[in-house]
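Number of protein chains: 2
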Amino acid sequence: MTDPLPTWRDGATKDAVVRYVEQTCTEGAFGFVPVAERVAVFDNDGTLWCEKPMPIQLDFFLRRLVAMAEADADLRERQPWKAAYERDYGWLAKVMDDHYAGDDTNLPVVAGGLLAAFAGISVDEFEQESAAFLRDTRHPTLGRGYLACAYAPMVELLGHLRAHGFATFIASGGGRDFMRPVSDEVYGIPREGVIGSAVTLAYAPDDRGGTIIRQPAADYLDDGPEKPVHIWNRAGRRPVLAAGNSNGDIEMLDFTQHADKPTLRLLVLHDDAEREFAYVSGAERALDRAATSGWTVVSMKDDWATVF
Amino acid sequence: MTDPLPTWRDGATKDAVVRYVEQTCTEGAFGFVPVAERVAVFDNDGTLWCEKPMPIQLDFFLRRLVAMAEADADLRERQPWKAAYERDYGWLAKVMDDHYAGDDTNLPVVAGGLLAAFAGISVDEFEQESAAFLRDTRHPTLGRGYLACAYAPMVELLGHLRAHGFATFIASGGGRDFMRPVSDEVYGIPREGVIGSAVTLAYAPDDRGGTIIRQPAADYLDDGPEKPVHIWNRAGRRPVLAAGNSNGDIEMLDFTQHADKPTLRLLVLHDDAEREFAYVSGAERALDRAATSGWTVVSMKDDWATVF
Chain Y
2 MTDPLPTWRD
12 GATKDAVVRY
22 VEQTCTEGAF
32 GFVPVAERVA
42 VFDNDGTLWC
52 EKPMPIQLDF
62 FLRRLVAMAE
72 ADADLRERQP
82 WKAAYERDYG
92 WLAKVMDDHY
102 AGDDTNLPVV
112 AGGLLAAFAG
122 ISVDEFEQES
132 AAFLRDTRHP
142 TLGRGYLACA
152 YAPMVELLGH
162 LRAHGFATFI
172 ASGGGRDFMR
182 PVSDEVYGIP
192 REGVIGSAVT
202 LAYAPDDRGG
212 TIIRQPAADY
222 LDDGPEKPVH
232 IWNRAGRRPV
242 LAAGNSNGDI
252 EMLDFTQHAD
262 KPTLRLLVLH
272 DDAEREFAYV
282 SGAERALDRA
292 ATSGWTVVSM
302 KDDWATVF
Chain V
2 MTDPLPTWRD
12 GATKDAVVRY
22 VEQTCTEGAF
32 GFVPVAERVA
42 VFDNDGTLWC
52 EKPMPIQLDF
62 FLRRLVAMAE
72 ADADLRERQP
82 WKAAYERDYG
92 WLAKVMDDHY
102 AGDDTNLPVV
112 AGGLLAAFAG
122 ISVDEFEQES
132 AAFLRDTRHP
142 TLGRGYLACA
152 YAPMVELLGH
162 LRAHGFATFI
172 ASGGGRDFMR
182 PVSDEVYGIP
192 REGVIGSAVT
202 LAYAPDDRGG
212 TIIRQPAADY
222 LDDGPEKPVH
232 IWNRAGRRPV
242 LAAGNSNGDI
252 EMLDFTQHAD
262 KPTLRLLVLH
272 DDAEREFAYV
282 SGAERALDRA
292 ATSGWTVVSM
302 KDDWATVF
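Chains as they are written, first to last, in the numbering used here: chain Y, 2 to 309; chain V, 2 to 309.
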């Protein structure tokens with residue numbers, strides 16, 4: 002038999018993944034899942050591609066805030082433009098750490114800035130900008146372009162799942178329309194498979210088919226308890242397989258339960274400072290839950306033969 | 002050559018449909034569309050299945066309102082329970098006619114009642130109720146069950162499109178979660194292909210995977226200018242083919258335009274009092290637009306060999 006997951010090291014984790022996929026496809030076996038119900042959902046940042054030293058989309062937004070502050074001196078005194086302009090990443094990192102610890106005091110300040118950054122442009126223009134950024138920008142420390150920051154073992158797993166009849170979705174806290182222009186190329190997931198946070202959109206008619214314009218307001222933040230809701234909204238099903246890496250994925254992993262069939266819940270552990278990063282900040286509760294709820298922890302250091 | 006659409010009568014309309022699909026699949030031809038971009042969107046009520054004497058989902062909601070009014074005498078004095086309890090369909094029809102004519106004075110009263118009717122139950126319970134209703138209820142005048150009220154020529158067209166690489170979506174003003182349990186059986190469209198109006202949902206965790214609960218508030222009404230937005234949210238693409246039948250479909254049909262390729266826009270005309278119903282109420286502006294914008298009007302009477 003050929004190894005279905007050559008970028009995964011042999012061991013209990015790989016066994017659990019390979020066996021789970023096998024049993025979902027074995028008619029008559031305990032754990033068989035009809036094709037239509039083979040729904041797998043994946044968080045993106047920290048699960049499918051790297052999120053340190055900052056989420057890739059945050060880099061995209063910060064560069065836009067810097068450009069806005071360079072054009073308008075008044076903005077340099079206002080957060081989050083001030084932090085972006087001064088490269089005060091500590092201030093921004095603290096907002097995100099506070100968020101994952103449950104303190105959202107400064108999140109609206111950041112969110113307001115990020116929402117303003119691309120308000121009033123069409124979804125097509127936004128995609129052109131995000132696609133160009135993702136294609137042309139290098140990761141600050143890993144020595145590779147952002148599009149090459151996807152984890153090879155997870156990309157391989159996505160392909161393995163689709164080859165076995167699974168529908169694969171990205172259930173990300175990051176922006177849906179940020180990921181869509183590259184999701185097929187990077188993950189083999191077409192545009193309609195990307196679930197993620199979204200801004201409010203409005204249709205502006207004209208005589209050439211109209212355009213859809215980004216409004217300066219969030220439609221929803223696809224994180225925590227919103228993840229099951231938006232998985233339902235899009236896929237109309239409860240998943241049988243879910244993969245995450247942070248506290249924001251707990252509800253999605255919890256939702257991935259069925260009374261009548263086994264499920265696979267994966268939690269990616271960032272414990273590989275040499276090849277990627279080592280951190281548990283923002284994942285403490287999720288790791289506790291993995292231990293008590295039987296989720297499968299994926300050690301980047303031990304379980305992956307290669308990271309990229 | 003076998004006739005790809007035997008339930009359509011030969012003529013200009015059928016020719017336009019058959020030729021459009023052919024050219025999207027002919028590499029090198031003007032009008033070739035890569036498979037990934039073959040997105041077709043269909044309104045549901047009045048386009049894929051009948052909507053008279055009232056939309057099928059309205060019948061479902063009214064029966065619930067009647068049951069609530071039977072259990073609670075106070076509700077019998079309040080709209081819309083009063084109209085439902087007294088079978089005052091004239092009052093309700095006027096609200097819908099007013100809506101399509103641009104007057105939404107009483108729409109919030111109806112919407113509030115409909116939202117209250119199924120608030121607090123899980124999406125799974127709601128689906129069980131809607132599926133049971135659709136399977137067990139007969140159309141009031143057509144002498145057939147509701148599930149048999151889909152238009153055979155449109156079901157055939159959906160299959161013809163999928164056989165030619167099109168992704169088919171339902172972009173309905175009706176409720177997404179109402180249609181989902183039967184969409185595959187009736188239209189061959191899986192759950193994730195159903196776009197429609199939605200109520201706000203909330204995730205309620207428990208130790209068995211939690212449930213998603215319907216809240217007494219609309220998330221969005223997928224009608225008029227909201228249709229392009231929710232097609233974009235779901236499919237991430239501008240369609241190349243759209244079919245509708247009423248003023249609420251105008252923006253969806255408008256949105257189905259591309260600078261670099263031809264599109265097909267269909268408007269179903271209800272002109273067959275003998276086999277279905279004959280009406281233009283709520284479609285006046287759409288019919289005007291069809292004449293001026295080159296949309297293809299589908300006459301149920303002339304273009305369809307059979308309706309059901």
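Since the hints were made in silico from the structure, they are not lab data. Check each hint, because a few of them may be wrong.
[Unchecked claim] The calculated label-pair distances, taken between Cβ atoms and stated as ranges, are:
(1) Y:259 <-> V:260: 55 to 61 angstroms
(2) Y:303 <-> V:166: 38 to 44 angstroms
(3) V:132 <-> Y:91: 49 to 55 angstroms
(4) V:94 <-> Y:75: 43 to 49 angstroms
(5) Y:94 <-> V:149: 57 to 63 angstroms
(6) V:307 <-> Y:205: 21 to 27 angstroms
(7) V:137 <-> Y:146: 56 to 62 angstroms
(8) Y:259 <-> V:166: 44 to 50 angstroms
(9) V:72 <-> Y:79: 41 to 47 angstroms
(10) V:263 <-> Y:146: 47 to 53 angstroms
(11) Y:125 <-> V:142: 43 to 49 angstroms
(12) Y:218 <-> V:282: 51 to 57 angstroms
(13) Y:210 <-> V:7: 30 to 36 angstroms
(14) Y:186 <-> V:123: 50 to 56 angstroms
[Said to hold, decoys possible] Computed list of lysine to aspartate or glutamate pairs in DMTMM-like fashion (alpha-carbon distance at most 25 angstroms, straight line):
(15) Y:262 <-> V:157
(16) Y:262 <-> V:11
(17) V:262 <-> Y:207
(18) V:262 <-> Y:128
(19) V:262 <-> Y:75
(20) Y:262 <-> V:128
(21) V:262 <-> Y:208
(22) V:262 <-> Y:125
(23) V:262 <-> Y:130
We put the beta carbon where it would ideally sit given N, CA and C, even for glycine.
The hints, checked one at a time:
Range check, residue 259 of chain Y to residue 260 of chain V: about 46 angstroms between beta-carbon atoms, so the 55 to 61 angstroms window is missed. Remark: the range hint 38 to 44 angstroms for residue 303 of chain Y to residue 166 of chain V is upheld by a beta-carbon distance near 43 angstroms. Range check, residue 132 of chain V to residue 91 of chain Y: Cβ separation about 54 angstroms, and the 49 to 55 angstroms hint holds. Checking the proposed 43 to 49 angstroms range against residue 94 of chain V and residue 75 of chain Y shows it is violated: the Cβ atoms sit about 56 angstroms from each other.
Under the hint 57 to 63 angstroms, the C-beta atoms of residue 94 of chain Y and residue 149 of chain V, about 60 angstroms apart, fit the expected range. For residue 307 of chain V paired with residue 205 of chain Y, a C-beta distance near 41 angstroms fails the hint of 21 to 27 angstroms. For the pair residue 137 of chain V and residue 146 of chain Y, the supplied restraint of 56 to 62 angstroms holds, since their beta-carbon distance comes to about 57 angstroms. Look at residue 259 of chain Y against residue 166 of chain V: about 33 angstroms separates their beta carbons, and that is not inside 44 to 50 angstroms.
Between residue 72 of chain V and residue 79 of chain Y, the C-beta spacing of about 56 angstroms breaks the proposed range 41 to 47 angstroms. For residue 263 of chain V and residue 146 of chain Y, the Cβ-Cβ distance of about 37 angstroms falls outside the hinted range of 47 to 53 angstroms, so the restraint is violated. Between residue 125 of chain Y and residue 142 of chain V the beta carbons are some 46 angstroms apart, a value that agrees with the proposed interval 43 to 49 angstroms. In this structure, residue 218 of chain Y and residue 282 of chain V break the distance hint of 51 to 57 angstroms, their C-beta atoms being roughly 36 angstroms apart.
Between residue 210 of chain Y and residue 7 of chain V the C-beta distance comes to about 33 angstroms, which sits within the given range of 30 to 36 angstroms. In this structure the hint that residue 186 of chain Y and residue 123 of chain V lie 50 to 56 angstroms apart at CB is violated, the actual value being about 38 angstroms. For the hint linking residue 262 of chain Y to residue 157 of chain V, the alpha-carbon distance of about 35 angstroms lies beyond 25 angstroms, and the restraint is violated. For the hint pairing residue 262 of chain Y with residue 11 of chain V, the CA-to-CA distance comes to about 50 angstroms; that exceeds 25 angstroms, so the pair is violated.
Only pairs whose Cα atoms come within 25 angstroms are accepted, and residue 262 of chain V paired with residue 207 of chain Y is accepted, the gap being roughly 18 angstroms. Between residue 262 of chain V and residue 128 of chain Y the CA atoms are separated by roughly 20 angstroms; this keeps the pair inside 25 angstroms, and the hint holds. The straight-line distance between the Cα atoms of residue 262 of chain V and residue 75 of chain Y is roughly 45 angstroms, outside the 25 angstroms bound, and the hint therefore fails. The suggested pairing of residue 262 of chain Y with residue 128 of chain V holds, with an alpha-carbon distance near 20 angstroms, which does not exceed 25 angstroms.
Restraint check for residue 262 of chain V and residue 208 of chain Y: the C-alpha separation of about 16 angstroms stays at or below 25 angstroms, so the hint holds. Pair hint residue 262 of chain V plus residue 125 of chain Y holds up; C-alpha atoms about 17 angstroms apart against a cutoff of 25 angstroms. For a cut-off of 25 angstroms, the pair hint linking residue 262 of chain V to residue 130 of chain Y stands: about 24 angstroms separates their Cα positions.
Checked against the numbered hints given earlier, the structure breaks hints 1, 4, 6, 8, 9, 10, 12, 14, 15, 16, 19 and satisfies all the rest.
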